[in-house]
Amino acid sequence: MGMTAVAYLLTGMLVWGGIGWLVDHWVGTRGIFAGIGAVVGMAGGVYLIVRRLGA
Amino acid sequence: MAVQSMVLADVPFPPSVEDFYLPSILPWGEHDNYWFTKITALVWLTTALIIIFFLVSYRKPQLVPTKKQWIAESVYGFVRNNVAVEMIGPAGVRFAPYLTTLFTFILLNNFWGIVPFVQISPNSHIAFPAMLAAVSYVMFIWVGIRHHGFVKYMKVSLIPPAPWFILPLLIPIEFFSTFLVRPFSLAVRLFANMFAGHMLLLVFTLGGFAMLNANAWFLPFSLVSWAMTIALTFLEFLVICLQAYVFTVLTASYVQGALADEH
Chain Z
1 MGMTAVAYLL TGMLVWGGIG WLVDHWVGTR GIFAGIGAVV GMAGGVYLIV RRLGA
Chain C
1 MAVQSMVLAD VPFPPSVEDF YLPSILPWGE HDNYWFTKIT ALVWLTTALI IIFFLVSYRK
61 PQLVPTKKQW IAESVYGFVR NNVAVEMIGP AGVRFAPYLT TLFTFILLNN FWGIVPFVQI
121 SPNSHIAFPA MLAAVSYVMF IWVGIRHHGF VKYMKVSLIP PAPWFILPLL IPIEFFSTFL
181 VRPFSLAVRL FANMFAGHML LLVFTLGGFA MLNANAWFLP FSLVSWAMTI ALTFLEFLVI
241 CLQAYVFTVL TASYVQGALA DEH
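Protein chains in written order, with our numbering: chain Z, 1 to 55; chain C, 1 to 263.
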């Protein structure tokens, strides 16, 4: 289902982007971990879509 | 001017969130009292209408259905076959009554949004979609735990088929999307559609008056604006049916996900 796919993409970015943002705050950097987190989270989301919704 | 005197003296424009909070019915006309408003009345009316309709049409079931019975059977048959069984499979018949109730309740509640002189949907207040989403949320988790047992259900829904070293990356995403985003998106999707629909109709109706009040020569633009209101009402009808259907289908698909054995 389309909804589920979109939800996975968004939550992937939000969860790992959010964790990265927290790490940024903790370490004192200005956004590098949030950026990395968002990209990694999106990759995770895509992977989940392929595994759960793909063939 | 002649035209201007026909128009209501002062139209509040632009519309705001305040327009969704209608004066109280009991006690009559009181502001800042939300115990019994038009919204409350509409929800009770919806409930009563659905109960009475289904009771009356199933009172004496005929082999060759009467018109009312045919409508009731069509609605139930539609949700049962095209939503419950289609999404969940043969086990879905168990959920057909709940899904039908959900579908008719949302459909009728949404429909108040375009009934002339009523024209506001209770679902444009987030409390009602949120409550419905909470019911669906508790139900699909309960069904999953009943079917698998708690530990196995958590395993099925949180651990995707993947090599172990990516699991730490994926499990938070699964947790977030299954247990936090689902109820939220279910509620917000319905609420936002109904809210935006009501807002849109308000903007075009009141906008027509506002333009006319500004200058009587704007009459043609006002007429276009009101024509747009009518056109948008038909668009709203589409949205109303679609959102009731989407809510039901998504609930069914969550139940299906909770019952699924392997992934």
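For the record, the hints were derived by calculation from the structure and aren't laboratory data. Glycine included, each C-beta is placed from N, C-alpha and C at the ideal position. Wrong hints could be hidden among the right ones.
Distance ranges between label pairs, derived from CB positions [stated by the list, open to error]:
id	chain 1	residue 1	chain 2	residue 2	range
1	C	W217	Z	V6	32 to 40 Å
2	C	R146	Z	G54	39 to 47 Å
3	C	V56	Z	V39	41 to 49 Å
4	Z	G54	C	Q119	39 to 47 Å
5	Z	V6	C	A227	29 to 37 Å
6	C	W44	Z	V39	49 to 57 Å
7	Z	G54	C	A192	25 to 33 Å
8	C	F179	Z	G54	45 to 53 Å
9	C	W28	Z	L22	22 to 30 Å
10	Z	G54	C	S16	26 to 34 Å
11	C	A196	Z	M3	12 to 20 Å
Which residues of chain Z face chain C? A few of them, derived with a C-beta cut under 10 Å, are [what the hints assert, rightly or not]:
id	residue
12	Y8
13	T11
14	W16
In silico negatives: residues of chain C with every beta carbon more than 12 Å from chain Z [stated by the list, open to error]:
id	residue
15	F20
16	V75
17	R146
18	S185
19	L186
20	P220
21	V249
22	S253
23	Y254
Going through the hints against the structure:
no.	hint	verdict
1	C:W217 to Z:V6: 32 to 40 Å	violated (47 Å)
2	C:R146 to Z:G54: 39 to 47 Å	violated (29 Å)
3	C:V56 to Z:V39: 41 to 49 Å	violated (59 Å)
4	Z:G54 to C:Q119: 39 to 47 Å	holds (45 Å)
5	Z:V6 to C:A227: 29 to 37 Å	holds (35 Å)
6	C:W44 to Z:V39: 49 to 57 Å	holds (50 Å)
7	Z:G54 to C:A192: 25 to 33 Å	holds (30 Å)
8	C:F179 to Z:G54: 45 to 53 Å	violated (23 Å)
9	C:W28 to Z:L22: 22 to 30 Å	violated (52 Å)
10	Z:G54 to C:S16: 26 to 34 Å	violated (46 Å)
11	C:A196 to Z:M3: 12 to 20 Å	holds (18 Å)
12	Y8	holds (6 Å)
13	T11	holds (4 Å)
14	W16	holds (7 Å)
15	F20	holds (26 Å)
16	V75	holds (23 Å)
17	R146	holds (22 Å)
18	S185	violated (7 Å)
19	L186	violated (10 Å)
20	P220	holds (42 Å)
21	V249	violated (8 Å)
22	S253	violated (6 Å)
23	Y254	violated (10 Å)
The structure is inconsistent with the numbered hints 1, 2, 3, 8, 9, 10, 18, 19, 21, 22, 23, although it conforms to all the rest.
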